[in-house]
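Chemist: Counting in full-length UniProt numbering, the sequence shown runs from 1 upward without gaps.
Note that these hints are calculated values from the structure, not bench results.
Quick caveat, the model's predicted, so the values are computed rather than measured.
Just so you know, even glycine gets a beta-carbon here, dropped at the ideal spot from N, CA and C.
Honestly, I wouldn't trust all of these hints.
What the hints assert, rightly or not - Here are the in silico distance ranges between beta carbons for each label pair:
(1) E331 / R61: 56 to 62 Å
(2) Y396 / N129: 28 to 34 Å
(3) V404 / N129: 25 to 31 Å
(4) G185 / E71: 25 to 31 Å
(5) R380 / E209: 45 to 51 Å
(6) C214 / P347: 50 to 56 Å
(7) T336 / E372: 32 to 38 Å
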Amino acid sequence: MVIGEMDAAQVAAYFRGKNVLITGATGFLGKVLLEKILRIQPDVRKLFLLVRATDDESARRRVQTEVTGREIFQVLREKHGKGFEDFIEEKVCPLAGDVMYEDFGLDTAKLKEVSKDVDIIVNGAATTNFYERYDVSFDTNVLGAKQICAFANKCTKLKMLLHVSTAYVSGEQEGLILEKPFMMGGTLREGTHLDIESELNLIKHTQIELKANCATDKAERKTMKELGLKRARHFGWPNTYVFTKAMGEMLLGHLRGDLPVVIIRPSIITSLLKEPLPGWMEGVRTIDSVFLGYAKQALKFFLVDPNTIMDVIPGDMVVNSMMVAMLAHSEEQAQTIYHVTSSMSNPASYMTLRETAHRYFVDNPPRGENGEPIRLNKMRFFSTVARLRIYMVIKYKLPLEGYVVFSQGATTSSVENTDWPCI
Numbered sequence: 001m002v003i004g005e006m007d008a009a010q011v012a013a014y015f016r017g018k019n020v021l022i023t024g025a026t027g028f029l030g031k032v033l034l035e036k037i038l039r040i041q042p043d044v045r046k047l048f049l050l051v052r053a054t055d056d057e058s059a060r061r062r063v064q065t066e067v068t069g070r071e072i073f074q075v076l077r078e079k080h081g082k083g084f085e086d087f088i089e090e091k092v093c094p095l096a097g098d099v100m101y102e103d104f105g106l107d108t109a110k111l112k113e114v115s116k117d118v119d120i121i122v123n124g125a126a127t128t129n130f131y132e133r134y135d136v137s138f139d140t141n142v143l144g145a146k147q148i149c150a151f152a153n154k155c156t157k158l159k160m161l162l163h164v165s166t167a168y169v170s171g172e173q174e175g176l177i178l179e180k181p182f183m184m185g186g187t188l189r190e191g192t193h194l195d196i197e198s199e200l201n202l203i204k205h206t207q208i209e210l211k212a213n214c215a216t217d218k219a220e221r222k223t224m225k226e227l228g229l230k231r232a233r234h235f236g237w238p239n240t241y242v243f244t245k246a247m248g249e250m251l252l253g254h255l256r257g258d259l260p261v262v263i264i265r266p267s268i269i270t271s272l273l274k275e276p277l278p279g280w281m282e283g284v285r286t287i288d289s290v291f292l293g294y295a296k297q298a299l300k301f302f303l304v305d306p307n308t309i310m311d312v313i314p315g316d317m318v319v320n321s322m323m324v325a326m327l328a329h330s331e332e333q334a335q336t337i338y339h340v341t342s343s344m345s346n347p348a349s350y351m352t353l354r355e356t357a358h359r360y361f362v363d364n365p366p367r368g369e370n371g372e373p374i375r376l377n378k379m380r381f382f383s384t385v386a387r388l389r390i391y392m393v394i395k396y397k398l399p400l401e402g403y404v405v406f407s408q409g410a411t412t413s414s415v416e417n418t419d420w421p422c423i
């Protein structure tokens, strides 16, 4: 089936009667996906949500609090009215577990039920902190992918395994980046070879050393964070997050067998474009911190070439791409990769970001403590560190030095003109 020939009705119909297992449902993208499926296809059979919790009841409460109770479900809640909670109870099945454990830590009965029924697995669980501890990031992003693949191979009627990765597994390369899989051992730095098993052993050895040396929690965190960054840069990746996501892709490709696999690589995910709530975002994420800093006038300048193309993609567009890809490649015994990005089809520069942000806040000015609108100046961009330093000297250093000299002169003059009493 050609993706360009699909329409919304076909995508919705694909999920009718399906059982879907979703990991990472408490995250931003997971919520958007869950809401979308429930809204466009109320006849989906069951949505299993794997969440970290001590038991299924705790998992249910967590889903109710952190997922279905959130604002993004407002449209769905209004659609079902008083029957909303019953609808969620019927369609959503929380599971207490963790992707880093074999069979996700599910008991035998629950494992048998899910593996027998599930048609689609969506793996959105990830540790997204760029500079996370190496062991923590490895557990979720690498071993998690391994356990997902092992579980998928036990699912007798599985039609699709979709794995959410990131466009930045490609590192800091420039130009056109092809949608190619990572092969085992491959790296971004010429002359190096990556052995995932050796990386796991390195983590274990480091943990043993830290324990033997009675390292404090603070020292342990620092060591493991530095180790992840060191290993990432050794192999050509800029940070621990994208490095471990690349390793997760490698394992998925290596272990999938004949499983139908789609890997989605989105760029910087931003607020929703259209549905269900235009502009909805949860918390401060990625580039949102720039807008927030500008609105508060805490961020008045930025070190970036204004002509650089930034690559952002609305969360609902990512979810739409995921759902279309599931339909397009359902039951194919192949692995397919999609970059879900904007820089090629709809490039936007940082200059566009500045102009758009300024225009928005002119029309919707933030207000100070007294309720009065705050007038914002346009953010300054500096394309080089040298230009930023010159600006800092002129704007801040020279006036500060002048103030110090003036203050010292005023103090001396005050002392000299004092009529001291005779002793």
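Chemist: Is the gap between the beta carbons of R380 and E209 within 45 to 51 Å?
Modeler: With Cβ atoms ~47 Å apart, the hint holds.
Chemist: Between G185 and E71, does the C-beta distance stay in 25 to 31 Å?
Modeler: 45 Å, violated
Chemist: Quick check: does the Cβ-Cβ distance between Y396 and N129 fall within 28 to 34 Å?
Modeler: 32 Å, holds
Chemist: Taking the Cβ atom of C214 and the Cβ atom of P347, is their distance within the range 50 to 56 Å?
Modeler: 53 Å, holds
Chemist: That 25 to 31 Å hint for V404 and N129 (C-beta), does it hold up?
Modeler: Roughly 41 Å apart at Cβ, these two residues miss the hinted range, so it is violated.
Chemist: Just to be sure I understand the hint, the distance between the Cβ atoms of E331 and R61 should be within 56 to 62 Å; is that true here?
Modeler: 36 Å, violated
Chemist: Starting from the range 32 to 38 Å, see whether the pair T336 and E372 falls in it by beta-carbon distance.
Modeler: 54 Å, violated
Of the numbered hints given earlier, the model fails hints 1, 3, 4, 7; all others are met.
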